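*Asks:* Below are the chains, spelled out letter by letter.
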Amino acid sequence: MDPGSLPTSSSSPDVSTGSRRHWVRSGDFWAALVLAGLSGIALLELWRSGRTLWSISGPGPAFFPAILAVILLSLAVGLALKSVRTDPDLMVDEPTEAPAPMPQTLAFAGLVAGMIFLFPVVGGLVAIGLFVFVEAMIVERRRVLPAIAASIGTTALVYVLFVWLLGVRLPSGILG
Amino acid sequence: MGIDLLWEAFVGLLTPGNLAAILAGVLVGQLVGILPGISSPAALAILLPTSYALGPIAGISMLAGIWLGSSYSGIITSVLLNIPGEGDSVIATLDGHQLARKGRGELALGVSAFGGFFAATVALIILQLLGPGIARFALLFGPPQIFALMVFGLSLVAWLAGRSLLKGLISTVLGLLIGTVGSDLVSGESRLTFGFAEMLRGIDFVVVVVGLFGLAEVLYTIGQKLETDERVRFAFRNLLPRAGEWRPSISSTLRGTGVGFVTGLIPGVGPTNATFLSYALEKRLAKDPDRFGKGAIEGVAAPGAAGHAATVAGLIPLLALGVPASATAAILIGGFIIHGLFPGPLLYSQNPEVVWGLIAALYLSNAVLVLLNTVFIPVMVRVVDLAGPYLAPIVGVLTMIGAFTIGNNVLDMWMALAFGFVGYAFRRLGIPVAPMVIALVLGAKAETALRQSLIISNSDLTIFVGSPISAILLIAAASVLVGPVILKVVGWARRGPRRHNGQAVGR
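Protein chains in written order, with this note's numbering: chain D, 397 to 572; chain R, 2 to 508.
Read the hints as simulated data drawn from the structure, not as lab findings. Since this is a predicted model, take the numbers as computed values, not measurements. Hints are supplied without guarantee of correctness; some may be wrong.
Subject to a maximum C-alpha distance of 20 Å in a straight line, what follows is the list of computed SDA-like cross-link-like pairs (lysine to any residue) [to be verified]:
1) R:LYS446 - D:LEU449
2) D:LYS478 - R:ARG428
3) D:LYS478 - D:TRP426
Cβ pair distances, simulated, as ranges [stated by the list, open to error]:
4) R:LEU140 - D:TRP560: 40 to 48 Å
5) D:TRP560 - R:LYS103: 44 to 52 Å
6) R:GLU199 - D:SER453: 24 to 32 Å
7) D:ARG565 - R:GLU190: 29 to 37 Å
8) R:GLU199 - D:LEU477: 34 to 42 Å
9) D:LEU557 - R:ILE487: 51 to 59 Å
10) R:ILE473 - D:SER445: 35 to 43 Å
11) R:ARG285 - D:GLY549: 45 to 53 Å
12) R:GLY492 - D:VAL473: 17 to 25 Å
13) D:GLY569 - R:GLU354: 41 to 49 Å
14) D:GLY549 - R:LEU20: 25 to 33 Å
15) R:GLY104 - D:LEU557: 39 to 47 Å
16) R:VAL380 - D:ARG565: 29 to 37 Å
17) D:PRO499 - R:GLY104: 39 to 47 Å
A few chain R residues that face chain D, going by a derived Cβ cut-off under 10 Å, partial list only [to be verified]:
18) LEU167
19) LYS168
20) LEU177
21) THR181
22) THR194
23) LEU220
24) GLY397
25) VAL398
26) LEU399
27) VAL411
28) GLY421
29) TYR425
30) LEU430
31) ILE432
C-beta atoms are modelled at their ideal positions from N, C-alpha and C, and glycine is treated no differently.
Using the sequences provided together with the hints, build the complete structure.
*Replies:* Next up, the structure:
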């Protein structure tokens, strides 16, 4: 099947296909380094923990992960070579959909991290309410009243669905 | 044929709890399908923990309802607003939206809904007929054959799920490696835990999928606005074709059903590719291909049927062999696992009530969905307006709560966030996520089969080519992995290296 001959989802015009390809090319190289590092760490941990690779009765617990780590290392080398050798204009594996602007992505991720941090401290429901309110104000740039409504609505949804119907015990935090 | 078992399953489903779970599943699926910011694997991943509280039949039926529901409703926004809600409804923006602009959007939605109902029903009947036979055949499989089947399935997924075999393989191997973290299933010894006691139980499947799908999707699409200025008016009276349109609609639906069913069986292809393939086939067969893209009814009927047929067909390898054909199917396996069940040949003999309960629930869901996708379309479009702007924080919250409920601990939330970043990076780099999730599900089974085979054979590797089934499967897997490379080398040798800007190009 040749995906190029088939229609794909539309892309946003603000980020060009060319720049995404260059991003993928350099991203591939760094991804290859990370993957090589991960496989190296896995091999080191298997060696450090002294798990058996092979015994008289057959393969030990380290056998399968060790093989996988070696294969991953080889694939990482392949990816690194590909990223260096391939002309970005001939790449076929760039995403067809433009990503959101990086500041918004990072802001959202930061707020999620903040919610997780506050979850056991101020309590699950309070952390959720705060997260939705701040996210609506900062990331989505909504006005105060809609942000408060979204915060209360989402917190109520979580309470009804998870706490009331499914009996999930969320941490109550310092507010009891 | 299992008619008796299916009848018993229908009777068993008629409890308020089961019916409520099925209805909840199709409604959630319906919403997921029309909301562009959230995909069906993401919704399944987020709601997987909620099925803990339900029984196995109700829980799994709810998840299957989400899957089928999202397959139905994605077309609504594709046709009326030119915004595809799901991957398998992207193709409907071409001719479906053109029909809507000509004032015939109802026809596109009607043909798609009724054709989809037909395709899903046919696929369910075939599942009902073939599933038990395939499962009985698969019971003949010993560890070497099971290992070979897993290798074949994973190879196909790595090859077909993305546009680069190398990246598909990376995703697959990474998923397998993550699956080895925790206690070894055979010896009970810890592996790759780095001394942390919390890691002994391994990295939970739900934590991985809520991060990879739910959170990653929000991180990738945050802030994208729905453009609803191309709203088209809707009238029920025009849902059915006019006099000369019945024949092309029916023949395209039949072809789409066939294409979708066959492609849905193949791991890695999935409903989205099935819709593209059937569209390409219709265009190829058309006497006047120039009509396509301008409102050809065949361009809506065939992909609509193909998507539904492929969705249901994916249940055949899932239920009979335990091999998920797509990421969504892999997440559905998670729904089985949390109830202590594992899809595969033994499920038909040990838990027939679950298999037939699921099939019966899908028949019911299919009937409810055709109603929802014809009568309630205006309501669904209104939901897009209301819920769309607040989708990102809601999904963010639900993914985190979903991760927390696994073990009531905050560490799982941090891990889900980490996998959210992994999913985001994968998407930006064009690395497919589906192979990783499928490998995570199949990894333990593949490793156990590999080690059992080597123990049985006293470490003699020829056990894997000792039986025709495993030999054929392994040769097929090798062809999938090595074939494209050989073809490329042969092509290169014939044409010589392609040149671009005066320089030789490698890949």
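*Asks:* Decide, hint by hint, whether the structure agrees.
*Replies:* Hints versus structure:
{"no.": "1", "hint": "R:LYS446 - D:LEU449", "result": "holds (19 Å)"}
{"no.": "2", "hint": "D:LYS478 - R:ARG428", "result": "holds (18 Å)"}
{"no.": "3", "hint": "D:LYS478 - D:TRP426", "result": "holds (12 Å)"}
{"no.": "4", "hint": "R:LEU140 - D:TRP560: 40 to 48 Å", "result": "holds (44 Å)"}
{"no.": "5", "hint": "D:TRP560 - R:LYS103: 44 to 52 Å", "result": "holds (48 Å)"}
{"no.": "6", "hint": "R:GLU199 - D:SER453: 24 to 32 Å", "result": "holds (30 Å)"}
{"no.": "7", "hint": "D:ARG565 - R:GLU190: 29 to 37 Å", "result": "holds (33 Å)"}
{"no.": "8", "hint": "R:GLU199 - D:LEU477: 34 to 42 Å", "result": "holds (37 Å)"}
{"no.": "9", "hint": "D:LEU557 - R:ILE487: 51 to 59 Å", "result": "holds (53 Å)"}
{"no.": "10", "hint": "R:ILE473 - D:SER445: 35 to 43 Å", "result": "holds (38 Å)"}
{"no.": "11", "hint": "R:ARG285 - D:GLY549: 45 to 53 Å", "result": "holds (49 Å)"}
{"no.": "12", "hint": "R:GLY492 - D:VAL473: 17 to 25 Å", "result": "holds (24 Å)"}
{"no.": "13", "hint": "D:GLY569 - R:GLU354: 41 to 49 Å", "result": "holds (43 Å)"}
{"no.": "14", "hint": "D:GLY549 - R:LEU20: 25 to 33 Å", "result": "holds (27 Å)"}
{"no.": "15", "hint": "R:GLY104 - D:LEU557: 39 to 47 Å", "result": "holds (40 Å)"}
{"no.": "16", "hint": "R:VAL380 - D:ARG565: 29 to 37 Å", "result": "holds (35 Å)"}
{"no.": "17", "hint": "D:PRO499 - R:GLY104: 39 to 47 Å", "result": "holds (42 Å)"}
{"no.": "18", "hint": "LEU167", "result": "holds (6 Å)"}
{"no.": "19", "hint": "LYS168", "result": "holds (6 Å)"}
{"no.": "20", "hint": "LEU177", "result": "holds (5 Å)"}
{"no.": "21", "hint": "THR181", "result": "holds (4 Å)"}
{"no.": "22", "hint": "THR194", "result": "holds (8 Å)"}
{"no.": "23", "hint": "LEU220", "result": "holds (5 Å)"}
{"no.": "24", "hint": "GLY397", "result": "holds (6 Å)"}
{"no.": "25", "hint": "VAL398", "result": "holds (5 Å)"}
{"no.": "26", "hint": "LEU399", "result": "holds (8 Å)"}
{"no.": "27", "hint": "VAL411", "result": "holds (6 Å)"}
{"no.": "28", "hint": "GLY421", "result": "holds (7 Å)"}
{"no.": "29", "hint": "TYR425", "result": "holds (7 Å)"}
{"no.": "30", "hint": "LEU430", "result": "holds (5 Å)"}
{"no.": "31", "hint": "ILE432", "result": "holds (7 Å)"}
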